[in-house]
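Trainee: Here is how the chains run, residue by residue.
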Amino acid sequence: MSGKDHFAIATQPIQVQAAVDFAADDAHGAADLFIGTVRNVNLGKAVKGVSYDVFDELTINVFRELAIEARQRWGDKLNIYIEHYKGRLDILGVSILIAVSSPHKDESFKACRFIIEEIKHRAPIWKQEHYLDGDSDWVQGHALCSHGPVSYDDKPIPESHKHCKHY
Amino acid sequence: MSGKDHFAIATQPIQVQAAVDFAADDAHGAADLFIGTVRNVNLGKAVKGVSYDVFDELTINVFRELAIEARQRWGDKLNIYIEHYKGRLDILGVSILIAVSSPHKDESFKACRFIIEEIKHRAPIWKQEHYLDGDSDWVQGHALCSHGPVSYDDKPIPESHKHCKHY
Amino acid sequence: MTSNDKLNISVQLFGAFRRVHPRPVELCIERNTKIKAVKSALESALRELNPAFDDTELLSKSVLANNQKIYQDDDVIEESASIAILLPVCGG
Amino acid sequence: MTSNDKLNISVQLFGAFRRVHPRPVELCIERNTKIKAVKSALESALRELNPAFDDTELLSKSVLANNQKIYQDDDVIEESASIAILLPVCGG
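Here the protein sequences line up with chains A, B, C and D, keeping their order.
When you line the first sequence up against this note's numbering, it's residues 487 to 653, in that order.
When you line the second sequence up against this note's numbering, it's residues 487 to 653, in that order.
When you line the third sequence up against this note's numbering, it's residues 12 to 103, in that order.
When you line the fourth sequence up against this note's numbering, it's residues 12 to 103, in that order.
Check the hints yourself; a few may be wrong.
Unchecked claim - Pulled a few chain C residues facing chain A out of the computed Cβ check, cut under 8 Å:
(1) G26
(2) P33
(3) P35
(4) K72
(5) Q83
(6) L98
(7) P99
Stated by the list, open to error - Covered, in the sense of this in silico footprint (three residues per stretch, anywhere, with C-beta under 8 Å from a C-beta of chain D), are these stretches of chain B:
(8) 489-503
(9) 540-553
(10) 569-579
What the hints assert, rightly or not - Within a straight-line C-alpha distance of at most 25 Å, the following computed PhoX-like cross-link-like pairs (lysine-lysine) qualify:
(11) D/K17 x D/K50
(12) C/K50 x C/K72
(13) A/K572 x C/K72
(14) B/K596 x A/K596
(15) C/K17 x C/K80
(16) C/K80 x A/K490
(17) B/K490 x B/K563
(18) B/K534 x A/K490
(19) B/K490 x D/K80
(20) C/K72 x C/K47
(21) D/K72 x D/K45
(22) B/K563 x A/K596
(23) C/K47 x C/K80
(24) D/K80 x D/K45
(25) B/K572 x D/K72
(26) B/K563 x A/K534
Keep in mind that the hints were calculated from the coordinates and are not lab data.
Computed from a prediction, not measured in an experiment: that's the story for all the values here.
Note that beta-carbon positions come from the ideal geometry of N, C-alpha and C, so glycine has one too.
Can you build the whole structure from these sequences, using the hints too?
Mentor: As structure tokens, then:
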């Protein structure tokens with residue numbers, strides 16, 4: 487039986503316990519969680535907050551693709567929980583929460599890492615930093631392409647992707 | 487400034503939110519959490535619960551050593567939270583919780599993984615499984631030795647450790 | 012505008028594009044126009060809506076997509092649709 | 012028992028060893044005895060406390076330790092102390 491999924495674009499504070507409860511599974515001995523938070527500095531500039539803009543529907547679709555790819559690599563049984571925040575966050579605010587549970591620990595670590603790396607490259611999400619000096623700026627990101635997995639992969643880069651900027 | 491530590495042997499249910507709150511840091515953008523839970527099967531036998539026996543003082547000392555080693559590899563700034571349960575747990579009970587936060591995600595993933603692998607090999611903790619059929623058994627484990635890091639390491643095995651059974 | 016050979020395409024803007032224009036951009040294009048040409052039409056429309064817009068690099072780094080997938084340059088638009096122009100991304 | 016040349020060593024038991032004997036084992040050894048010999052003394056004491064105990068493999072796979080560190084075979088015990096015998100571990 488395949489594991490279960492929860493994908494959401496959050497506009498209320500992201501709750502870690504909800505992810506833990508969702509991922510819990512009688513048959514699973516391990517869960518790995520990744521929590522991304524807003525930090526007070528980026529590239530030497532003092533940050534006071536961040537606004538995330540999200541193309542919701544396509545982002546959810548990317549989450550769904552990532553769950554499929556993760557199960558192909560690390561097994562059907564993974565339970566996968568992904569929430570990304572949309573809107574403004576202060577320092578310490580949770581921008582993303584990923585939880586992956588699995589029978590054994592190796593799969594949950596690897597799948598969780600895979601998902602965060604891929605989201606950074608593939609999900610249509612943009613980040614505007616608000617600086618202490620009053621300025622704000624959209625952060626330079628990764629160009630999208632219509633291919634599949636891009637970044638956190640032991641396998642060699644397929645020929646068809648080699649032109650992509652994210653390699 | 488060096489990050490902070492929390493180490494404990496828990497005899498009350500382990501709370502994930504406490505670890506998240508502890509690890510949170512204005513200067514950190516990432517936290518990785520590992521949660522170990524009791525699963526309903528091991529080596530084909532149906533499990534109904536697990537009892538952990540812990541040599542508290544030495545275990546806490548091992549946690550302290552692991553935090554030092556993790557900071558040597560992945561930076562002073564890591565905040566590190568480690569709790570291991572002692573006593574009886576039912577299925578889904580949390581046996582171990584590790585949270586590591588850091589400025590960027592790579593360090594938190596690697597340090598968290600390092601810590602769980604090392605604990606399995608170095609912390610004086612024992613596990614008795616209680617089976618549905620009424621039996622119970624102490625699980626075969628990893629022989630201890632007086633050396634340092636043993637398991638999750640990119641570096642070659644030092645000569646002095648090569649006789650150890652855990653390699 | 013809604014004859015059989017014309018399609019109404021609404022292009023959603025995100026991130027830095029919202030500074031160029033605050034609302035979706037409405038395009039009227041020929042049926043079966045290739046994505047590459049849709050992008051050019053979008054560029055013209057943005058210049059018309061905001062004469063100060065001259066950052067063509069913003070467009071060259073971006074891709075068009077619908078709710079389900081990212082378009083390739085040779086894809087064609089066959090129906091009226093809501094699509095989106097997506098700058099390099101920065102989630103997580 | 013507590014003359015200058017004798018030490019009282021209390022050995023805590025964990026895990027499967029608790030089935031052999033439910034409480035710490037008290038040993039009386041010479042000052043500066045090597046750990047290897049302490050282990051032999053523990054084996055004799057366990058056999059005396061529990062005549063059914065014959066799993067010497069359990070001891071050969073185990074190490075002695077104090078609160079701070081695991082002993083090596085050539086370490087010596089210089090003071091009366093509480094130590095522990097540690098089977099292969101299985102935490103996490």
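Trainee: Find the hints from earlier in the document that the structure breaks and name them by number, from lowest to highest.
Mentor: 2, 3, 8, 10
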